Amino acid sequence: MTLLLAIALPVALGALLPVFRLKTGNRNLYLMLATLLTSALCAYAIAVDIPALRLISLNNKLTITLRLDEQGKIFCALVAFLWPFAMLYAFNYMKDEHKQTSFFSFFLMSYGVTLGIAMSANLLTLYVFYEVLTLTTLPLVMHGGSQKSIRAGLKYLYYSLGGSAFAFIGLAYLVYFGGQTTFVPGGLFKGISLMHTQQLRLGYLLCFLGFSVKASVFPLHGWLPTAAVAPTPVTALLHAVAVVKSGVFAIIRVTYYSFGASVLAGSYAQYIPLALTTFTIVFGCTMALKEKHLKRRLAYSTVSNLSYILFGAMLLSAQGLTAGLMHLIFHALMKIVLFLAVGVYNKRANAYYVDQVRGLGTTLPLLGVVFTLSSLAMTGIPPLIGFISKWALAEAALLIGGPLPLMGVVALLISALLTGIYLMVPAVTMYTRPSQGNQLTPVEAGFKVTLATLSLVVLALSAYSIPLIDYLARTAAQAM
Amino acid sequence: MEGLLLLVAILLPAVGSLMVVFLPWLNERREDRCFFVGAVMVLEFLVVLLIALDSERTLILFEMTKQLPIALRSDGTSRVFSALMSLMWTISGFYSFSYMKHEQNEKTYYAFYLMTLASLMALTLSGTMVTMYLFFEMMTFISMPMVLHNRSKEAVAAGIKYLIYSVAGATMGLLGIFMLTPNIASPYFVEGGSLMTGSLTIPHAAFQIILFITLVGFATKAGMFPMHGWLPTAHPVAPSPASAVLSGVITKAGVLAIFRMIFYVIGPDYLRGTWVQWALLGCATLTVFMGSMLALREKHIKKRLAYSSVSQVSYVLCGVFLLDTMALDGALLQMVFHALTKDALFLCAGAIIVKTGITRVDEMHNLGKNMPWTMWMFTICAISLVGIPPLGGFIAKWYIAEGALMAGTPVYSWLVPIVLLVSAMLTAGYLLPPSVSAFFGGMAHGEVASAYREKADPSAMMLVPIFILTLAILVLGIAPGFMIETFTKLANSLL
Chain R
7 MTLLLAIALP VALGALLPVF RLKTGNRNLY LMLATLLTSA LCAYAIAVDI PALRLISLNN
67 KLTITLRLDE QGKIFCALVA FLWPFAMLYA FNYMKDEHKQ TSFFSFFLMS YGVTLGIAMS
127 ANLLTLYVFY EVLTLTTLPL VMHGGSQKSI RAGLKYLYYS LGGSAFAFIG LAYLVYFGGQ
187 TTFVPGGLFK GISLMHTQQL RLGYLLCFLG FSVKASVFPL HGWLPTAAVA PTPVTALLHA
247 VAVVKSGVFA IIRVTYYSFG ASVLAGSYAQ YIPLALTTFT IVFGCTMALK EKHLKRRLAY
307 STVSNLSYIL FGAMLLSAQG LTAGLMHLIF HALMKIVLFL AVGVYNKRAN AYYVDQVRGL
367 GTTLPLLGVV FTLSSLAMTG IPPLIGFISK WALAEAALLI GGPLPLMGVV ALLISALLTG
427 IYLMVPAVTM YTRPSQGNQL TPVEAGFKVT LATLSLVVLA LSAYSIPLID YLARTAAQAM
Chain D
9 MEGLLLLVAI LLPAVGSLMV VFLPWLNERR EDRCFFVGAV MVLEFLVVLL IALDSERTLI
69 LFEMTKQLPI ALRSDGTSRV FSALMSLMWT ISGFYSFSYM KHEQNEKTYY AFYLMTLASL
129 MALTLSGTMV TMYLFFEMMT FISMPMVLHN RSKEAVAAGI KYLIYSVAGA TMGLLGIFML
189 TPNIASPYFV EGGSLMTGSL TIPHAAFQII LFITLVGFAT KAGMFPMHGW LPTAHPVAPS
249 PASAVLSGVI TKAGVLAIFR MIFYVIGPDY LRGTWVQWAL LGCATLTVFM GSMLALREKH
309 IKKRLAYSSV SQVSYVLCGV FLLDTMALDG ALLQMVFHAL TKDALFLCAG AIIVKTGITR
369 VDEMHNLGKN MPWTMWMFTI CAISLVGIPP LGGFIAKWYI AEGALMAGTP VYSWLVPIVL
429 LVSAMLTAGY LLPPSVSAFF GGMAHGEVAS AYREKADPSA MMLVPIFILT LAILVLGIAP
489 GFMIETFTKL ANSLL
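Chains R and D are the protein sequences, given in the same order.
For our numbering, add 6 to where a residue sits in the first sequence, where the first one is 1.
For our numbering, add 8 to where a residue sits in the second sequence, where the first one is 1.
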């Protein structure tokens, strides 16, 4: 029941928010309590092993079932940890925006739906939550209400729906050949002599392409940079963590828990994704370098970094998956800090473009330090976390050997260089003399608390991440 | 904790730097801060000397993951580099106390000056490749504010160029670190290298290409062709004492990284006689020549000195890449003398700029009469850099040339000495004319001279550091026995 409660609570409370017509202070309290309660439920579900909960049986093959396994716990913990921070940030960020009730209502509902993805016990359940996530996050993208926002929202919708259609075909293949959709470590076909390998591989590839819309793999990445028009809490949490990593998580699920690494290894169903992700790694960075708008630059950086994770996962080895999962967590932390910092620059200093951040390092010292720190981590400067996961990725790729993994290592290095440039240039620019006086409005404590805490987490993990990595390695070994 | 001293050597300047930033009472009076910074630097030098006299130590700081220890280690190489760097840093630091009166943001300057020292010491004391990479990158980022110091458009552009080149170089280095890690027997630095040549995970041909890329990447900091572009842009825009250490000391960090990679990871035997060695020697020799030519063409005094660094540091690299005891000996000598000389030259240039506002070499007529001390010391250092005996520069170049002849490397055994000779002539061509016109400028240029802001040597605070450096060049040039002994011992243990 805990699982259902963790999903239903935020969805229900989010849906009820417009009914209550609360004043701002009370509304914030209500939202914060709902978020914290949900996170507490998640923490409980992670700590205690909870049996699977079958909600609906469509027929004896297809069920909607909730279960939190080792893999799901990783994603669940990440989301449950970050959502309260994003919520706190959003209170301050949205203070003077219009339509706040609808924003917060959907923001809270998305939390529940994202947890649903983490807690799905089979591909059908995941697929349902995945579709619902598209719908609950759509109003958040379109929040601004301008022509541009609407267009971004529609683009997001079309891309996502198109992707789901592909994923659905993959799902059908799986049901037809596998007889069920339950997630089993190692896949449904582990240890079974296969008759329909070719069809399965094709089905997998369709699934990969379908889910890679949300994971924004080239050429399906187009919606993500456009969606940067959304309010910053949305870009920071949903477009750097929850939504995009749902895509990544779904691909990991499909790869390791449905089709299974043994079916795919050494075939085009592995090589095409590897080639696409390798290309996306470099492509995303190059586009980020070209982009002068800070949020879009970060969005392109996300495009590149998501492919790091998928590249690791598509190596189809325990080391590769471990490295991918490491980057899944580490990237989430680093990128959310960067986005949140840029959000404050947008709101309080009116700085949207790279050359507008001049002098902000001295006027907003904490933000400057935080931004620089996260930029260094993203670039992969040891001993910060970005280096640890990149190192693990390169190590895993070299262990596999062969031309594609080696290309991947080169792509990682090129991308590290480009990251160093596209993030360190704004970081340096912040410390240059401003061209004219910045009109600064005071920065609320809520912003500072969020950013400082998350940065401390980045630092703490940089110093000591061995237990976490061990846990990820165990999970990855199970999934083989 | 037997290696605690190593940690002290890193933490002392780092904590000092933080104190400068965060303790307001240290910044109330200029004198207090200068005294504090000076005390930290002197203490640091003493700590480094203690480490140099102590036996070899290793200290594992922490493990990033199980295969990635971050460890410190003091050995022959780290002693030589840390002692040299810390000494240079202290001398230029004392010079800054007087020089920086003319600049803004002194607090930030000293904070980053000390922090860069900390990262440099950490770099010299690194015990593994990843530790070295860590501090190599850190040094880049921490030293950048010195380039950015006056925050003008030009400085920012230079800073970003510095950043891009450095990060590119470090990334190339990282490629090698990635590829080497599965192929070495120990993550720690081992004299003579620990590459398992018998069982490489990738073919030798590909491996050699990667090694070449790696070494060129690390040579970025040393300003070797084709990664030299940033150096003449970035060094001159910094305040003069910072240019002095950037050119005289930080370039040696690149040499150190190459040293570590070749002699402690890859092993000289694997490289000897391969195309990698020829190609690297080719790059270094070309840089020696090209740097001198470009310096000859440049009129801005600090830029000319920066181009000269491009050339002179590649002498060191030439000596290293020859993989010969004698040449390596010469390389170490050249490193010490170039550090001393270039430091002194930049400090002289700083004194000239601050006192007279002159920035171009063709405006220096008659300066010898107005600033006799500065110009005399400038001239002595210039002569040493050209390589005229008995000054220090000569002995270093002699060893490298002799090493090249003895190394038995085809083509390079005669090409290197010839290029060294040509470059020596070019060095004379770009460093001596300013001295000549300063002393024998003639009265025709009197009106130019009258436009000088002040016509006197700078204060003793600025003169004494230059004087110490010049004296060291003289004394060590005449009596280099101790240094040669130390370096020969080190070179023999590595080759």
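In case anyone wonders, no lab produced these hints; they're calculated from the structure.
Note that this is a predicted model, so its numbers are computed, not measured.
Note that the Cβ used here is the ideal one computed from N, Cα and C, for glycine as well.
Do not take every clue at face value.
To be verified - As a list, the in silico EDC-like pairs of lysine to aspartate or glutamate whose alpha-carbon atoms are at most 16 Å apart:
1) D:Lys74 <-> R:Glu401
2) D:Lys74 <-> R:Glu450
3) D:Lys161 <-> R:Asp361
4) D:Lys109 <-> D:Glu64
5) D:Lys115 <-> D:Glu36
6) R:Lys101 <-> R:Asp361
7) R:Lys29 <-> R:Glu76
8) R:Lys29 <-> R:Glu137
9) D:Lys497 <-> D:Glu64
Claimed, not checked - Okay, the calculated bits of chain R under chain D, using three or more residues with CB under 8 Å as the criterion:
10) 101 to 114
11) 249 to 261
12) 307 to 317
Outcome of the hint check:
1. D:Lys74 <-> R:Glu401: Cα-Cα ~13 Å, so holds.
2. D:Lys74 <-> R:Glu450: violated (41 Å)
3. D:Lys161 <-> R:Asp361: holds (12 Å)
4. D:Lys109 <-> D:Glu64: Measuring from Cα to Cα gives roughly 41 Å; hence the hint is violated.
5. D:Lys115 <-> D:Glu36: Distance of about 11 Å is within 16 Å: holds.
6. R:Lys101 <-> R:Asp361: Violated: Lys101 (chain R) and Asp361 (chain R) sit about 27 Å apart, past 16 Å.
7. R:Lys29 <-> R:Glu76: Violated, at roughly 40 Å.
8. R:Lys29 <-> R:Glu137: violated (32 Å)
9. D:Lys497 <-> D:Glu64: Judged against 16 Å, a Cα distance of about 15 Å means the pair holds.
10. 101 to 114: Coverage by chain D is violated for the region 101 to 114 of chain R (0 residues, Cβ < 8 Å).
11. 249 to 261: violated (count 0)
12. 307 to 317: That given contact is violated, which follows from only 0 residues of the region 307 to 317 of chain R lying within Cβ reach (below 8 Å) of chain D.
In this structure, the earlier hints numbered 2, 4, 6, 7, 8, 10, 11 and 12 are contradicted, and the remaining ones agree with it.
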